[in-house]
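There are 2 protein chains.
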Amino acid sequence: MKLDELGEDAVVAQLTRSLRLDSRVRLGAGDDCAVVETTGDLQLLKSDCIIEGIHFLPDADPKWIGWKAICRSISDIAAMGGTPLDALVTLAVRPDTEFTWLKRVYLGLQTAAKSYAVNVVGGETAKSPGPVFLSVTVTGTVAGGRYASRSGGQKDDLLYVTGKLGGSIAGRHLRFRPRVAEARWLVQQFPVHAMMDLSDGLASDLPRLARASRVGFEVDLATLPLHQGCSLENGLQDGEDYELLFAVPPGAKRKLEAGWRTTFPKLRLTGIGRLVENGPSQFIGKGYDHFAR
Amino acid sequence: MKLDELGEDAVVAQLTRSLRLDSRVRLGAGDDCAVVETTGDLQLLKSDCIIEGIHFLPDADPKWIGWKAICRSISDIAAMGGTPLDALVTLAVRPDTEFTWLKRVYLGLQTAAKSYAVNVVGGETAKSPGPVFLSVTVTGTVAGGRYASRSGGQKDDLLYVTGKLGGSIAGRHLRFRPRVAEARWLVQQFPVHAMMDLSDGLASDLPRLARASRVGFEVDLATLPLHQGCSLENGLQDGEDYELLFAVPPGAKRKLEAGWRTTFPKLRLTGIGRLVENGPSQFIGKGYDHFAR
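Line by line, the protein sequences are chains A and B. No gaps in the numbering here: position 134 of the first sequence is 134 in this note's numbering, and each next residue is one more. To convert, take the position in the second sequence, counting from 1, and add 293; that gives this note's numbering.
Honestly, the hints are just simulated from the structure, not real lab data. Predicted model, so just to flag it, every value in this text is computed and none were measured. Mixed in with the good hints, there may be bad ones.
Distance ranges between label pairs, derived from CB positions [claimed, not checked]:
| id | chain 1 | residue 1 | chain 2 | residue 2 | range |
| --- | --- | --- | --- | --- | --- |
| 1 | B | Trp394 | A | Asn278 | 33 to 39 angstroms |
| 2 | A | Arg146 | B | Lys295 | 20 to 26 angstroms |
| 3 | A | Lys155 | B | Leu350 | 50 to 56 angstroms |
| 4 | A | Glu233 | B | Ala410 | 43 to 49 angstroms |
| 5 | A | Arg175 | B | Lys448 | 47 to 53 angstroms |
20 angstroms max Cα-Cα, derived SDA-like pairs, lysine to any residue [unchecked claim]:
| id | chain 1 | residue 1 | chain 2 | residue 2 |
| --- | --- | --- | --- | --- |
| 6 | B | Lys420 | A | Ile54 |
| 7 | B | Lys420 | A | Ile169 |
| 8 | A | Lys127 | B | Gly346 |
| 9 | A | Lys127 | B | Val512 |
| 10 | B | Lys420 | A | Lys253 |
| 11 | B | Lys546 | B | Arg501 |
| 12 | A | Lys114 | A | Lys253 |
| 13 | B | Lys295 | B | Ile462 |
| 14 | A | Lys253 | A | Gln189 |
| 15 | A | Lys127 | B | Lys546 |
| 16 | A | Lys127 | B | Arg397 |
| 17 | A | Lys127 | B | Lys295 |
Idealized CB from N, CA, C, for every residue including glycine.
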């Protein structure tokens, strides 16, 4: 059955019927707005989008399209050391889209929402004249008002990345797992001066962190943790790793590395270099630029 | 200058430089997430999108495209009786887009944000393979926890609409003013049982309010306030009026109508009918369906 045979109200009613909602949600999808209880003094806000032909191919499994759409924003909440709370989904599709395809997108959205205890509280469904467009906003909170921005990095801080880098095009760019628990643990246990998630590749993202912190950086390229079959160039430039990059003062090294091994034994943590005084940083290539030709 | 000549970081830096931010905003655009102080116990959340070729034509003034994109979500916050607070903007454009065009979209976004005291705290800019896609999320708050959903309407409630209906295609669909102050006044002064904003036309939206409230409705079609040159059919079906539709108990009539004239002398308020016991409602035609052929 296609969407234009079902009609907008029936499509929305069916898609939103089984969305996860906890007791904080006073009003979910179906009204003009969602109404939720706030938690804590500070709120994190992030929206992001994925587009057919740019962030996924038309023949990608729609379940993983939905997963990726919400996990990109969850990953940004994680990158602050926050806990994701509520999500809004905006979806534009062609009217001749099969409803089964759309239901599978929602299955992916909901699977991720359940994994990360996120409420899908609303959004909007619209007609696209061409490519599928899927935008997700996620709100979050930070425990005790502690969060990690990109801009607090200091000279001599050690740089770490979680997991391995490169080669996400093989499928990890759809099926990645945002590092929510890991980032929260880091922010709560250590003086994380700066943190971000790696979405455009270390070669784009590390200079952004350094610029925001007004420092330079040095990376020991031989230490970069690469996925199997990946070159150094892949690890620096491929993008969509969704791993954490963070900076901590050198005194945290021993406790961080030992604590990490105990707490997250299955996920690698690698020291890759350090922040240095401002000046000409090491050139590590160019990552992904959304507007580059 | 085109976006692909400037590059993503330069584009984002220039667009976000002069965004309105008040003291609640700890961290605005440029980091992984925005960080804002919460206000009140309850939060309103809404996202919506506009797409080239569906919600605006390619030759529309980009300032009004930006205005419309943010005002659609502000209008939904208004429809709950809420106050809008923060906005996230997600924008997908072709890489060969002229930067001057994009700057004018942001001028419209910012003009609306200033008018309604909304902080533009972040978002995402991405490459579109085709049409321009602009999605805006707006958060809001409600004073004293009082908000108006669609579902509280009761038998015998009187139905009112603000302003006039129909003919928005002549330009009002881009340049409308969300009824924020009016809705807040209504919710604070009167027992508003149900409220929504008219985005798909009274013929679509009133049945939605009635269904959500599990009641029927009767409209006196002769009373419908129509824009000049509009037929009854235009008033019922055109959509994009962004006026308020609300239901109050009959006892509120006199005080509401007198209070409105004093408080909002320039904006018409019209009683158009009432809610009735559930059963076959009056047929008032079909409004806009996003997926209809």
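Consistency of the hints with the structure:
1. Trp394/B with Asn278/A: 33 to 39 angstroms: Taking Cβ atoms as reference, Trp394/B and Asn278/A lie about 35 angstroms apart, which means the hint holds.
2. Arg146/A with Lys295/B: 20 to 26 angstroms: violated, 41 angstroms
3. Lys155/A with Leu350/B: 50 to 56 angstroms: Since Lys155/A and Leu350/B have Cβ atoms about 53 angstroms apart, the given range 50 to 56 angstroms holds.
4. Glu233/A with Ala410/B: 43 to 49 angstroms: 48 angstroms Cβ-Cβ, so the 43 to 49 angstroms window holds.
5. Arg175/A with Lys448/B: 47 to 53 angstroms: Distance hint for Arg175/A, Lys448/B holds at roughly 51 angstroms.
6. Lys420/B with Ile54/A: holds, 7 angstroms
7. Lys420/B with Ile169/A: holds, 18 angstroms
8. Lys127/A with Gly346/B: Roughly 10 angstroms separates the two Cα atoms, so the pair holds.
9. Lys127/A with Val512/B: violated, 30 angstroms
10. Lys420/B with Lys253/A: violated, 39 angstroms
11. Lys546/B with Arg501/B: Not OK: Lys546/B and Arg501/B at ~23 angstroms, beyond 20 angstroms, violated.
12. Lys114/A with Lys253/A: violated, 34 angstroms
13. Lys295/B with Ile462/B: violated, 30 angstroms
14. Lys253/A with Gln189/A: holds, 12 angstroms
15. Lys127/A with Lys546/B: violated, 39 angstroms
16. Lys127/A with Arg397/B: violated, 25 angstroms
17. Lys127/A with Lys295/B: Violated: Lys127/A and Lys295/B sit about 28 angstroms apart, past 20 angstroms.
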